[in-house]
Amino acid sequence: MYLPDDKRGPAASVSTPRTRRPTKRALAKARTKARVLDAARELFVTRGFEESTIRDIAATAGLSTGAVFGSFSDKNQLFDAVMMASFKEAFEAASSVQGHAELGAAEALSAMFGAAYRHFGSQLALVRASQAQCWSRPECAHLFETAVARGRGLVELTLHKAVKAGELSDTLDAGLLADMLMDLYIANYRRAVFDGWTAEALEARTLAQARALLCGHLRR
Amino acid sequence: MLPPGALTSAREGWIVRVREAQKQATRERVVAAAGALFESVGYEQTTIRMIAEAAGVAIGSVFTTFASKAEVLNHILLQRFEALFEELDRLAPHLPGGARQRVSALLGIAYEVECRQLGLMLAHLAASHGWPAEIETESRRRHQRLIQLIRETLKHGVEQGEVRRDADLDLYVEMIVSVYLGNYRTAWYDGLDVGGLSKLMERQLSALFEGLQPVNSRTVIAEAA
Numbered sequence: 001m002y003l004p005d006d007k008r009g010p011a012a013s014v015s016t017p018r019t020r021r022p023t024k025r026a027l028a029k030a031r032t033k034a035r036v037l038d039a040a041r042e043l044f045v046t047r048g049f050e051e052s053t054i055r056d057i058a059a060t061a062g063l064s065t066g067a068v069f070g071s072f073s074d075k076n077q078l079f080d081a082v083m084m085a086s087f088k089e090a091f092e093a094a095s096s097v098q099g100h101a102e103l104g105a106a107e108a109l110s111a112m113f114g115a116a117y118r119h120f121g122s123q124l125a126l127v128r129a130s131q132a133q134c135w136s137r138p139e140c141a142h143l144f145e146t147a148v149a150r151g152r153g154l155v156e157l158t159l160h161k162a163v164k165a166g167e168l169s170d171t172l173d174a175g176l177l178a179d180m181l182m183d184l185y186i187a188n189y190r191r192a193v194f195d196g197w198t199a200e201a202l203e204a205r206t207l208a209q210a211r212a213l214l215c216g217h218l219r220r
Numbered sequence: 001m002l003p004p005g006a007l008t009s010a011r012e013g014w015i016v017r018v019r020e021a022q023k024q025a026t027r028e029r030v031v032a033a034a035g036a037l038f039e040s041v042g043y044e045q046t047t048i049r050m051i052a053e054a055a056g057v058a059i060g061s062v063f064t065t066f067a068s069k070a071e072v073l074n075h076i077l078l079q080r081f082e083a084l085f086e087e088l089d090r091l092a093p094h095l096p097g098g099a100r101q102r103v104s105a106l107l108g109i110a111y112e113v114e115c116r117q118l119g120l121m122l123a124h125l126a127a128s129h130g131w132p133a134e135i136e137t138e139s140r141r142r143h144q145r146l147i148q149l150i151r152e153t154l155k156h157g158v159e160q161g162e163v164r165r166d167a168d169l170d171l172y173v174e175m176i177v178s179v180y181l182g183n184y185r186t187a188w189y190d191g192l193d194v195g196g197l198s199k200l201m202e203r204q205l206s207a208l209f210e211g212l213q214p215v216n217s218r219t220v221i222a223e224a225a
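So the protein lines, in turn, are chains A and B.
Start counting the first sequence at 1; every next residue gets the next number (the working numbering).
Start counting the second sequence at 1; every next residue gets the next number (the working numbering).
The following block holds chain A by itself, in its conformation from the complex:
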């Protein structure tokens, strides 16, 4: 985090020489980077990844192509940054509804998935491109898997809570079920992409799926 100049005494910069306050140049660079990311996401979402050129992105951001290359070495790297930012937002949206403890496990899970579906609802082109990209580029696949693993962690946590609360049996394999729920959550995007399902319809589907998967694991 960068503090404004007047909040930092000279002592701070002396005692922590490694975290020297950012120069005006560094701040400008960060601002440029943010502008590039915003423009790139807008174009990837509206026009598609393949159809957007660095030149288009620069024009949308109101920058030169040179300025874009100052922050990102190529379009792939730019895509990965846009994808990770969007996945992070989806994770935050899912985490924010995860705390509703009064819900049953299936309802809590579908609320989380629903939040993610709503986040990506307007960015389906990005979802499609991320799938195509991560099958063809290992570094993109790695980022994608990292994001999936974070979501899976949230799902597993919800299952553990339900076991603790006595709703689900303590003999269930939470890791296995979490993997399956993530597979189903990802597979449902085809319904959005090819059949025009809304986030609400997808959420209802995940609720039915979570119930079908968990009903055999209720504590009896």
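Be careful, since some hints might not be right.
[Unchecked claim] Just a sample of chain B residues kept apart from chain A, beta carbon distances all over 12 Å, derived:
1) T8
2) Q45
3) E53
4) T65
5) H75
6) G97
7) Q144
8) E152
[To be verified] Label pairs and their in silico Cβ distance ranges:
9) K199(B) - R219(A): 43 to 51 Å
10) D168(B) - T146(A): 50 to 58 Å
11) G104(A) - D168(B): 31 to 39 Å
12) E12(B) - E145(A): 55 to 63 Å
Calculated directly from the structure, the hints in this document are not laboratory data.
It should be emphasised that the depicted structure is a prediction, and the values quoted were computed from it without experimental measurement.
Note that beta-carbon positions come from the ideal geometry of N, C-alpha and C, so glycine has one too.
Since chain A is already given, all that's left is putting chain B on it; use the hints.
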């Protein structure tokens, strides 16, 4: 005596047949070259130019037989699915065990067949998010056969009293197929082989079938415990 014009029309017919044969040969060469490239280089990295070079045909010839790279892939997948379903249809009636074991065996065969050319299966999955709606429709029609086979097995399980009567079979079948397909991603990422995939699917089916057991047999188990 030949009627007038017979010779020319016979000759035209011959030319048409030769052209058709040439077109068919080009098509087969394109399909073989594309299949090998998708498998070794990957679908995304393969260009139409590379396919044309490997097939020894002009780039234009590729486009006269197929509208796009996605269509070439679709054609290859169609052939592969035929091979897979021949195998499944042949073995399905002879599979032993209950509904769960039989679904597990069916999907085990599917993994076995598909993993012979895992690269192509991955190409299919990679392309499947970006391809046009009409190819998606065809792809779903192909998967429909797998869905039908699993559905019949579950229905048989209902008749045998192994699967609860009020279960939403369509929902469970779709979940099984989604999980089955999702495992290819795991296989690719974690480097699972056919054996690993089948074992994983078996565990997943056990978890799913917990919810498919008839309620009375569940109470019996609970009472016994």
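Against the structure, the hints come out as follows:
no. : hint                          : result
1   : T8                            : holds (49 Å)
2   : Q45                           : violated (6 Å)
3   : E53                           : holds (20 Å)
4   : T65                           : holds (24 Å)
5   : H75                           : holds (20 Å)
6   : G97                           : holds (19 Å)
7   : Q144                          : holds (14 Å)
8   : E152                          : holds (19 Å)
9   : K199(B) - R219(A): 43 to 51 Å : violated (27 Å)
10  : D168(B) - T146(A): 50 to 58 Å : violated (34 Å)
11  : G104(A) - D168(B): 31 to 39 Å : violated (18 Å)
12  : E12(B) - E145(A): 55 to 63 Å  : holds (59 Å)
Figure legend: structure checked against the earlier numbered hints; hints not met, in rising order: 2, 9, 10, 11.
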